[in-house]
Amino acid sequence: MGDIRRIRVLWPDHLGLARGKYLPVRLAERGTRHAITLFSLRYDRDMVPAPDRCSWTECPTWSAGSIRPPSDPAGRTA
Amino acid sequence: MECRFDPTAVRPGWEDGVGVVMGDLERLGLTVPMAPRNVLKDAVAAWEAMGYTPQIGIEFEAYVMQPDADDGWKPYHCPGSFIYGTGPLNDPAGVADMVYRVADEVELRLESVHTEFDAAQFEFTLEYDTALAAADEAFLFRTMARDVAYERGYLLTFMPRPIIDRGGNGLHVNMSLLDADGDNALLDPDSGDGLSTLARQCIAGQLHHMSAMAALCAPTANSYKRLQPGQLSGYWKNWGPDHRCATVRVNPERDSSTRLENRMPDGAATVHTAVAAVLTAARLGVEAGFECPDPETGDGLETACTEEHTPDDLGAALAALEADTAFVEAIGPGMVAQFLAIKSVEWEKYVAAVDSVAEARDRITDWENSTYLPYI
Chain A
1 MGDIRRIRVL WPDHLGLARG KYLPVRLAER GTRHAITLFS LRYDRDMVPA
51 PDRCSWTECP TWSAGSIRPP SDPAGRTA
Chain B
1 MECRFDPTAV RPGWEDGVGV VMGDLERLGL TVPMAPRNVL KDAVAAWEAM
51 GYTPQIGIEF EAYVMQPDAD DGWKPYHCPG SFIYGTGPLN DPAGVADMVY
101 RVADEVELRL ESVHTEFDAA QFEFTLEYDT ALAAADEAFL FRTMARDVAY
151 ERGYLLTFMP RPIIDRGGNG LHVNMSLLDA DGDNALLDPD SGDGLSTLAR
201 QCIAGQLHHM SAMAALCAPT ANSYKRLQPG QLSGYWKNWG PDHRCATVRV
251 NPERDSSTRL ENRMPDGAAT VHTAVAAVLT AARLGVEAGF ECPDPETGDG
301 LETACTEEHT PDDLGAALAA LEADTAFVEA IGPGMVAQFL AIKSVEWEKY
351 VAAVDSVAEA RDRITDWENS TYLPYI
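The listed protein sequences correspond, in order, to chains A and B. For what it's worth, the working numbering labels the leading residue of the first sequence as 1, then goes sequentially. For what it's worth, the working numbering labels the leading residue of the second sequence as 1, then goes sequentially.
The hints are simulated quantities; they were obtained by calculation from the structure and are not laboratory data. Treat each hint with caution, since some may be false.
[Unchecked claim] Facing chain B, a subset of chain A residues (Cβ under 8 angstroms, in silico):
| id | residue |
| --- | --- |
| 1 | V9 |
| 2 | W11 |
| 3 | G16 |
| 4 | L17 |
| 5 | R33 |
[Stated by the list, open to error] Covered stretches of chain B, as calculated for chain A (at least 3 residues, CB under 8 angstroms):
| id | region |
| --- | --- |
| 6 | 21 to 32 |
| 7 | 54 to 63 |
Keep in mind it's a predicted model, so treat the numbers as computed, not measured. Even for Gly, the Cβ is constructed at its ideal location relative to N, Cα and C.
Just chain B, with the same shape it has in the complex (with noise of 0.2 angstroms):
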């Protein structure tokens, strides 16, 4: 297949003499349909038949892990670290400190850095754009992250969850509607929150395709460590206003920037991937004109106005994608059934290497730490 890339669109890369630039896919003169700009551009094409155009805002979480004396790997030391902390007590050897240099020499576009929730966990915003720029930036920005982090002998992890006594590495995906005019389409100041029917929809169709979308969005027998209750993940089948125990987060700000925040995939999932799936399960929501739940009145730890979740494991979100026949429809068949083809053999490999997989649920194992550690 050919690799075709605009010379002109070729940007200052974060090596000495190396520029960077996206490649798009084909063979026999046709687009690769399992490739995941491909999948992404589609995506958007059909909520811009709508009169739409997709904003997307993309989150990352995470770890720094240094070398330990096993020739693996264990979490930074940053023993005076907290959340939302800043400079060398939370970043000792300034891993990150470095990738946000390289961030800005490069000029990939960041809103935001600092610490998450627990040691050695960082969380890098990037700034909103357009939906494919956006998801492009993202995927430049992990891949030089990684690169800087690795050149100095660090390790930047964005596994759901490589440790069991920490939280798990988001990918939250933001999203916002532009209409004709280049509105904010999410909002209705004549609503009670300030919500329009559109953006209601779009909740609705995330919620309704939500275990189809797990698989995308959570595409690792180690991503169902991090999809549970109390881990500040997209766990339950719900909605809330500036809730981040609710799976699609609405910010509290009723303006330009209202957005809506599914808080499920995580960071192995290819994030052009993810991105569709969010788009794809929202605009499937506005054309069935689905009805929006009421949103969590719970805690999201402790209490839950839903028993509907996330599927349990790897295994059960593959069957889930492959039964919701309208989503595969939407998104695309071809991709889908590549990707439940290489799936369904790494859960069987998983299934194979742990004695049970309720048993192996609360650890993280050693198939885990070599399958996944070095790539993700």
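Just chain A, same shape as in the assembly (with noise of 0.2 angstroms):
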């Protein structure tokens, strides 16, 4: 990528906002996440409940075969 050292991925939200992240060169074939609660946002921050027709407030399913190793050895993440 030549001089690029940074990449600062954008993409149009539903308030029509650049939402997006600067991500280094060497992880760019990784993509990054968001947290898609975002589309409940208004321009003031406050959160509008997410109507009933949206599928996107079904929770994941996981697997024991998710769950990694914690930085706390007391606990547990999936």
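Hints in hand, dock the two standalone chains.
See the structure below:
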């Protein structure tokens, strides 16, 4: 990528704002993650409950194999 | 949710050492239905299934603002400016000029830049392209332009009507359709005005679904300070050849550049969503075989051939969107449900902030300035 040292990944949200992140070039292929709940945000950062018709309110399923060791030995994270 | 992008699509950005790229949203392996880029992809795919490739050209209008004495913003001081102006008299500090220079450096393809009707207002016209590419380019351009201006101490605002005694900021969406041979399907040299039946049905669809489109194309309480009679915006439910007071304007040329310009959308709209709304309404007009009304014969300022117009305010626009079940089903019920949930609360907040919606129609409220001006 020549002189590019950081990637600014951008996408338009429901308010017309340019959401995104700065990422190091070395991690580009991983993509990144955002909290889907930002689609419930208004300009003033208040959150609006998701309407019933939105399927994105469903919780993801997880499996035992997805549990990863924690940085804190007292717990585990899935 | 995951944000994925193609690393090979990273392009030079406007910050030192930073490349930019458009991201796509997924969750649990599925596209996120509320994401505007996905909404537009679906709208384009529906046209492609009919054998047409949508082409889009975007025109932005925006005001340059400079700091005032109260930690706020006031219009850029340019007393010698005039419409279709260029040079230092129209852009004393070179703000628009710098935006143009940076756009050139990062290959964001501008077709023209000039001053608009009122002092401190500029128009930025981008080159046309396929719909998604054009929307992406417009989105990146707006982001870049605001960044560049802000770095230099100015606010470039695309807010629909930030200054009550000056005109509003539109986001004009120009559409055309290429057929399977790559020819402009809006043309018919054998028709009286050179427009094809397809073109007429596209116009009819945009007018038929105009009230539903309004919420997505003019999505703020401030938007309806622009969508009023005599504002050179898409207020009346009309269309016209080279008519700048018609909601759908058709340019006078009859060649590959023939296009339908929807003048209702404003700068607060998400570009991808506004383009999707225009394309969806147009497609519905074709699928239903709507008859196109006669073109506007009045000036659209003091006279119009119709009494129908955009909703009077955001609340009415949201109700109109919800009521147009055909449009909602076509553009994406999941996206619309979330949009209505967000915007309904926004409208309630605005109503609570003003003594009277009718009284506030002719002024820009403190609520609008604090809610919208920092972000749009």
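Results of checking the hints against the structure:
{"no.": "1", "hint": "V9", "verdict": "holds (4 angstroms)"}
{"no.": "2", "hint": "W11", "verdict": "holds (4 angstroms)"}
{"no.": "3", "hint": "G16", "verdict": "holds (4 angstroms)"}
{"no.": "4", "hint": "L17", "verdict": "holds (6 angstroms)"}
{"no.": "5", "hint": "R33", "verdict": "holds (6 angstroms)"}
{"no.": "6", "hint": "21 to 32", "verdict": "holds (count 8)"}
{"no.": "7", "hint": "54 to 63", "verdict": "violated (count 0)"}
In summary, the one numbered hint that this structure violates is 7.
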